[in-house]
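Undergrad: Now for the letters of each chain:
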Amino acid sequence: MEQFSGKVWVLGDDIDTDIIIPTEYLALETIEDMKLFGFRPLRPELASQIGAGDIIVAGKNFGCGSSREQAPEIIKALGIACVVARSFARIFFRNSINNGLLLIEQPDLYGDIKEGDTITVTVNQSISYRGKQYPITSLPENLVEIIKAGGLVKAMRKRNGLE
Amino acid sequence: MGMTIAEKIIALAAGVKEVKPGDIHTVALDRMMSNDGTTHLTVDMYYDKLKHPRIADTRKMVFVVDHNVPADSPKTAAAQKKMRDFAREHGIDFYEGEGVCHQIMMERYVCPGELIFGADSHTCTYGALGAFGTGVGCTDLLYGMVTGTSWVLVPETVKFELTGSLPQGVYPRDLMLTIIGHIGANGCNYQVMEFCGDGAKRLSVNDRMVLCNLAVEAGAKTAIFEADEVALKYLESRGRKPKAVFSSDADASYAGSYTFDLSKIKPVTARPDFVDDVVGTEEVCGIRIDEAFLGSCNNGRIDDLRVGAAILNGRKVAGHVRFLVVPASQEVYRQALAEGLIDIFMAGGAIVMNPNCSVCWGSCQGVIGENEVLISTGTRNFKGRAGHPSSRVYLGSAATVTASAIKGEICMADML
Amino acid sequence: MGQTIIEKIIAHNIGRETVKPGEIVTVKVDRVMIHDIFIPFVADKFEEMGFTRLWDADKAVLVYDHLVPASQLDDTRHFRIGDEFAKKYGMKNVHRSDGICHQLMTEAGYVKPGHVVFGTDSHTTTYGCVGAFSSGIGYTEMASVLGTGTMWIRVPETIKVEINGELPPGVMSKDIILRLIGDLGADGATYRALEFSGSAVDGMTVASRMAMANMAIEAGAKCALFTPDHKTAEYCEIELDEFQKSLTGDGDALYCQTISYQAEEMVPVLACPSQVDKIRPVSELAGTVIDQVFIGSCTNGRLEDLQAAAEILKGKRVSPFVKLIVTPASRKVYQEAVACGAISIIAEAGAIITHPGCGLCCGRAGGILSDGERVVATNNRNFLGRMGTSKVEIFLASPMTAAVCALAGKITHA
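Protein chains in written order, with the working numbering: chain Y, 1 to 163; chain P, 1001 to 1416; chain D, 2001 to 2414.
Calculated from the structure, these hints are not laboratory results. Predicted model, so just to flag it, every value in this text is computed and none were measured. All the pointers check out, no bait thrown in.
Derived lysine-lysine pairs resembling DSSO-like cross-links, with alpha carbons at most 27 Å apart: (1) P:1316 / D:2088; (2) D:2059 / Y:154; (3) Y:154 / Y:76; (4) P:1081 / D:2391; (5) P:1081 / D:2410; (6) P:1081 / D:2316; (7) D:2088 / Y:154; (8) D:2092 / P:1316; (9) Y:148 / D:2028; (10) D:2410 / P:1075; (11) D:2332 / D:2314; (12) D:2088 / Y:158; (13) Y:154 / D:2028; (14) D:2087 / D:2028; (15) P:1049 / P:1082; (16) P:1316 / D:2087; (17) Y:158 / D:2028; (18) Y:158 / D:2059; (19) D:2231 / D:2245; (20) Y:76 / Y:7; (21) P:1316 / D:2332; (22) D:2410 / D:2278; (23) P:1082 / D:2391; (24) P:1201 / P:1264; (25) D:2059 / P:1316; (26) Y:148 / Y:158; (27) P:1316 / P:1266; (28) D:2087 / Y:154; (29) P:1241 / P:1017; (30) D:2391 / P:1075; (31) P:1082 / D:2410.
Computed, partial: chain D to chain P, Cβ under 7 Å: (32) 2069; (33) 2073; (34) 2321; (35) 2338; (36) 2352; (37) 2353; (38) 2354; (39) 2355; (40) 2366.
All C-beta atoms, glycine included, are put in the ideal place defined by N, C-alpha and C.
Next up, chain Y with everything else stripped away, as it sits in the complex (with noise of 0.2 Å):
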């Protein structure tokens, strides 16, 4: 059962598509060049402190609004293992899987955790923090099978023959 701990960032409620990535940058030409403005209206500092291995616990509603890729892309490129939230909106949910970004609905952690805390995360199990358990459930088989594949650019190379 894969295990792993992080550091904690705390975002609140609605952590909408225009935070994570501001329209402005949308025409910067790679994933790279937007990162360092992730979040940037709401923390501006924010993405220059996240660390390899770091975890986002966040409220309601995370990912609300655009469909932009970009923003779970850069979420993952700023080094975060996992995003987890009380609830997730649809286009994000999606487009994380898509990009083998691990999400995880909790909805009792948000209320308990304090930023730079540390969790730890025991896959389709289970999150543990200050010696309590926060059950998780496991994600629906199809989307098991994208996030097994590397993602969905994987999953279409291996259709098309290229892996």
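Fit chains P and D to the known structure of chain Y by using the hints.
TA: Only chains P and D this time, still in chain Y's reference frame:
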């Protein structure tokens, strides 16, 4: 010793009987215009650098937001807000989105005989109404705003005698580009270009604006026409009266003179990256373009839109071309609407924007990208002016620009 | 067991009698929409996936709208990549400056009732106004659809929204959808279909339905559905076939929630900074000084919106020191507005009228604002930082409310 029109205007503003080139005089400014290119800098200096900030006469000030309309960034918006708040606080005439500054000044303010400073190089446009208009920086503008005066080094005048009439399909823009090509980018450095002759008299005020507007591209301090019946009629139709009507004395002294026979002028194009690199348009025909621009203080008036619409009518812009059409003022736009021109541009696939400096300013609207080619009725084609440093800008008439937009490459209207 | 509209569309698409919410099925896609902002990424992923041809070039539509006219150097790169992709894969349906993608998809006849459509933009829900199942997806997903012509979906549950009666004067369909989003919350319809019905809906034009379908995503919805009727048929220039006529929620269909409104009780509202679900009646904020008004976007940039604004602006001038920016949703709308005199009236009032496109809504240019400024806008999002700095306040409103505010220079009841 007689004086030229420009010298008489300066003498009047200086309150002296006579001036001659090389003199320095303190003049009372009749008007000052500032746009969103630099007003925020003027405002900053006003508050930060002056011990006793005050405005000599707010009725002489005109602020116009025209370069970045609608605003394209928080930085632009902040600069414009500064300008807006200042105008509001001090009761200064303020225009935002009404059109390009020089067009508004000509439509609503300029009077023959006036001495006008503008914080924009194309202020020389006002010579079309027999006024002395010249571009200054924000510091000079500040000084003028606070004191109502400035110093002027009296420039020499160079006579440009125009004879005959322009042939069909050849426009004032072709004439002025030809002149600049002939005399060079420094051709009239610090001098006044005085247009006269029977050919000059036949030009409308709009035509005269095309000529005067580009004078700075030959290094001139300004350009001027005598305010004759044509100019006075324009003025009257707008309910204004001249401050003074001057003609050059027969014994006035000129630093040089040129004669241009309008009937011999051909369609020309200025090649990248210099306004004076002027060649016959046939020499650049066939060059593929990515964007075409019909607008600016030089060629965004109703005459120019009529020329463009007549050519585009019943045709379509080439698939790969972005053809931006931008009237120079709301007044021009409304007239174009009433004449059905806007509909022709929209039906033909053009991109019609609100009156503003647009592509000519090259920084917020219709910018061109890497290695792209633009043909434009704007005032300048310096390297990187309209976008990417590798991009190339050709300057041509409204007819050439429109025909090129349709063909997808530089071409003349009669080649369609 | 009766079916909701979305269930009928999906079942028909996959050749079954019925489907149930929660089922995962693979649909055949009738049309896709890609726009300028994301085409470089779509093109990249498409080729990375190893596809060498589109499943059906005729079913793909490419629209340049967010970046028209170009305001940054990088914008033209998107046009170049888009043009190259279209040429390479034989795409003919390319619109380079005809207006906003969501306006064109129905206006140009690409989407018909009963179609299954996906687009690289969250407001793809718009085409539900003609009874199509349409939804937004990311560019990787779009690349896989371009190659396969299919997509997996989870059949959503349906929320029934009934609006009966007649809208009072001064109230538009925008006020209704804002009210609904306020009641549901930004995630109240996540994963669900919003199905609209009722006498007030029947009485609406397709344009008014479009404003509502457009904003369904702001409540998190997967899609919005309206029953195709004679107005739909006229708008789409078709005659409805049996299947299309059947696209109404059955009496015994299962809805996870039913919301009913009486149209007479609706009032003009605003979505307040900086969330779409922060809804307040206009009257509550009356007197708030504003700096700018924007009338346009795929939500409210259509002829009826411009006409509604023109009626209020006629013979009057925008308040001094306030900017009114008007951006029609398409070239066709602009021309129609010129023909009926609306553009003239709006111009006389002192508006800044720009070329059809997304304009200020997408926040790249078109009227960006600075610290402390306030804008009343007819688009669909007011998120923090969307139209300038994070200290700009965006209030979403109907075109009528927006026009009244432009004249007053402050938030004002129509």
